[in-house]
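K.L.:
Protein chains in written order, with our numbering: chain V, 1 to 248; chain C, 1001 to 1267.
These aren't lab readings, by the way, just hints derived from the structure by calculation.
Computed from a prediction, not measured in an experiment: that's the story for all the values here.
Glycine included, each C-beta is placed from N, C-alpha and C at the ideal position.
A hint or two may mislead.
[Said to hold, decoys possible] Heads up, incomplete: computed chain C residues facing chain V, CB under 8 Å, no partners named:
1. ASN1056
2. ALA1209
3. MET1214
Here's the letter readout for the chains.
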Amino acid sequence: MSLNQNILVKLKQAGFRINGKWLVKGVSLQIEKGKIVTLIGPNGSGKSTTAKIALGIYKKIDGEVEKYTNKVGYVPQKISIDWTLPLRVNDFMVLTENLKDEAINEALSLTGVIHLKDKNLGDLSGGEFQRVLLARAISKKPDLLVLDEPVQGVDFTGEIALYELIKKISDELNCGILLISHDLHTVMSATDHVVCLNGHVCCSGSPLDVAKNNEYKALFGEQASQTLTRYKHSHDHIHTNEGEIKKN
Amino acid sequence: MLDDFFIRALVAGLGIAFVTGPLGCFVIWRRLSYFGDTLAHSALLGVTLAYTLEFNIALSVFIISSLIALILIQLQKRTNLPGDALLGLLAHSSLAVGLVVIGFLTFIRFDIMGLLFGDILAVTADDLLIIWIGGPLILLTLKLIWKPLFASTVNYELAEAEGLNPDRAKAIFTILMAGIIAISIKMVGLLLITGMLIIPAAMARNISASPQSMVIYSVLGGLLSVILGLFTSLQFNTSSGPSIIAASLFLFILSLVKIKQSIKLKN
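Given the sequences, and given the hints that come with them, work out the whole structure.
P.N.:
Here is the structure:
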């Protein structure tokens, strides 16, 4: 066991390669209870691979993974479900764990898709299915949530609501969350720790630290860096009704 | 009118249908129909070995089929051939080797037709015992691995990530497939066992909205096929296996009519 009882997963210099080609390499990070760790990075930088290493889906890895929980909820980035399976939302909710009806209803209500409970999974739209995926992952009240672009395909207002929900879940369940997101605003507002990947860890730390990092700027451009810092800035002033800006 | 052999055949057939129903659903869901075929073909080798070594047929078939499944898994890992080519290779070579071995066994009179297509007369009290002990064992095991097996059928990575150990479930399922082939070979024959697995489950897919209901309809369809098939076979003196499969085909066609109706209702 680790000395720190709050640690759920710990990666030490973890890496994974297929046919000699590294997908990601030398990643060290840890996810603790009640904390949100976000992975950012360009396409092909190894974000999903890192998530799969943490989940134990990839077994022949370099480095080490220490996992201290088996109560895991996972929303994969890509999921190919054979639509010829007769599978309703309700059947999908109990896929990996038997749940009471109340737990299923609660989770589906939280993500706003309770009305789809008896629908066939194949009849859902992309955004609806994404909400069901998220509901399934949170319904089992996991210790560790791994969310790989959980709001892809969800409409704009829904996206904000779901990110707020994710933040709320992390507080209420006191679970650790590994989040992969493209939305830098979200990264800024909800995350405790950011890991910026580009085949390896390019930089990591608090969102503000990462935004100031030169490697991050090189990777995402000055614009992205300003997005993050500007967002941060918005916390130290308020807008009054008269339209004035007031410092805290 | 109902002779002893017929009662035995009925009891045996019903016992098999209880097991092929749920297994058949997984065969369809996991797209394993050709895999089932391969195991069944290899069963001939098992039967001939049983005769040669004066060994129990069901046990011998079970061992050979499991062995072929293991070889398949190894070949998949070690060669670059596509899965269906490997299945074809194993299916036909094991069938051929089985037939060649039969050629050497001149001292035994073989009922090849019975072996290929099933034979009611061949069902003995011992066979019943094997079916009604082996069958419930297979079902019980399937129930135990249901969660990981079904979850990994829907999505392997979800099952693996959430700690269900899908690889173990898959390995056990393969053994269960060898098991059902072993206990049903005498009744349905090795060329038609896959039909018994697939057709009632396919019929059930047409009329089900959830996995559970598909399993139930698949079992009911199998039971009905056995009853219909065996009575036809008694009436017209046809072999048991083809009669059962033909009956299940009949039910499948009926289920298509039901689909047509529900499509009309939707419109």
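K.L.:
Next, verify each hint and record whether it holds.
P.N.:
Tested hints:
1. Proximity of ASN1056(C) to chain V is violated relative to the hint, the smallest CB-CB distance being about 37 Å (cut-off 8 Å).
2. Hint on ALA1209(C) holds. Least Cβ distance to chain V is approximately 6 Å, under the 8 Å limit.
3. Interface hint at MET1214(C): satisfied, since its Cβ lies 5 Å from the closest Cβ of chain V, which is below the 8 Å cut-off.
In the structure shown, a violation is registered for the earlier hint numbered 1 alone.
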